[in-house]
Amino acid sequence: MSTVHRATAAPRIVATTLLGGLITGLLGMASVAAEETPDAQLEIVLDSSGSMGAADPGGGTKIEAARAALNGAVDVLPDEAAVGVRVYGGRYDDEARGCTDTRLVTPLGPLDRTASKAAFAGLRPLGYTPIAFSLEQAATDFTTQGPRTIVLVSDGEETCGGNPCEVARTLAQAGVDLRVDTVGYAADPATRQQLQCIAEATGGQYS
1 MSTVHRATAA
11 PRIVATTLLG
21 GLITGLLGMA
31 SVAAEETPDA
41 QLEIVLDSSG
51 SMGAADPGGG
61 TKIEAARAAL
71 NGAVDVLPDE
81 AAVGVRVYGG
91 RYDDEARGCT
101 DTRLVTPLGP
111 LDRTASKAAF
121 AGLRPLGYTP
131 IAFSLEQAAT
141 DFTTQGPRTI
151 VLVSDGEETC
161 GGNPCEVART
171 LAQAGVDLRV
181 DTVGYAADPA
191 TRQQLQCIAE
201 ATGGQYS
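In the working numbering, the protein residues as written are 1 to 207.
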């Protein structure tokens, strides 16, 4: 590897490692719950909106860095973890469809690393950021009554007029054992504030 290539690659490796560390830490806490409570479930909710196609500070794009970080995080989850993957954005660039663009790409069930990585690999950055709607949908994905954890990864705030913080409060008040941990990826102050509010409303953690 040339000196120039190493110099270019180094920041990207650091950025991906930092993001991966945040995600792995949150997934690790959820996996501890899974070991202690067999019916615990974890769902990753990932931003695939147009902003994720922007340049990553370390090189490449944000979606590429997120994909690499998530692949690494999935590798260290325990085999017994029950994991699902939901994404928002990625299919439509018009507001009418983009603001309901969220889908469960890997249903909750026994950890399938191959399926999870295939879901990450298929992500293409496009469209809007319907966080509130995605949280509402994610809450209905769980198939057990045990502890439920959502790990929400986003680089931006809601762009569809929803109120994710209010949705989080509503979920918390519903008496469901659900916490939402949030990861702000290269997030600006407004995004950090929104993601912190979501996490705090459900007893989760913002990173």
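Any given hint could be a false lead.
To be verified - With beta-carbon atoms standing in for the labels, derived distance ranges: (1) G161 to G109: 32 to 38 Å; (2) R103 to A174: 21 to 27 Å; (3) R169 to D79: 14 to 20 Å; (4) A174 to R113: 29 to 35 Å; (5) A55 to P110: 33 to 39 Å; (6) A190 to A118: 30 to 36 Å; (7) R103 to P189: 28 to 34 Å; (8) R113 to T143: 32 to 38 Å.
Simulated from the structure, these hints should not be mistaken for laboratory data.
A virtual CB, placed ideally from N, CA and C, is assigned to each residue, including glycine.
- Cβ-Cβ distance between R113 and T143: within 32 to 38 Å? Since the Cβ atoms of R113 and T143 sit about 20 Å apart, the hinted range of 32 to 38 Å is violated.
- Item | Outcome for the supplied range 14 to 20 Å, where the beta carbon pair is R169 and D79 | violated (35 Å)
- Query: For the pair G161 and G109, does the Cβ-Cβ distance stay inside 32 to 38 Å?
  - Reply: Holds, at about 33 Å.
- Starting from the hint 33 to 39 Å, judge whether the C-beta atoms of A55 and P110 obey it. Hint holds: Cβ distance 37 Å, inside 33 to 39 Å.
- Query: That 29 to 35 Å hint for A174 and R113 (C-beta), does it hold up?
  - Reply: holds (32 Å)
- Assessment of proposed distance window 30 to 36 Å (beta carbons of A190, A118): Cβ of A190 to Cβ of A118: about 33 Å, so the range 30 to 36 Å holds.
- Task: For the range 21 to 27 Å, tell me whether the beta carbons of R103 and A174 fit it or not.
- Result: holds (23 Å)
- Message: A range of 28 to 34 Å was offered for this pair. Does it hold for the Cβ distance of R103 and P189?
- Response: Given a distance of about 30 Å, which is inside 28 to 34 Å, the answer is holds.
Hint compliance for this structure: hints 3, 8 are broken, all remaining hints hold.
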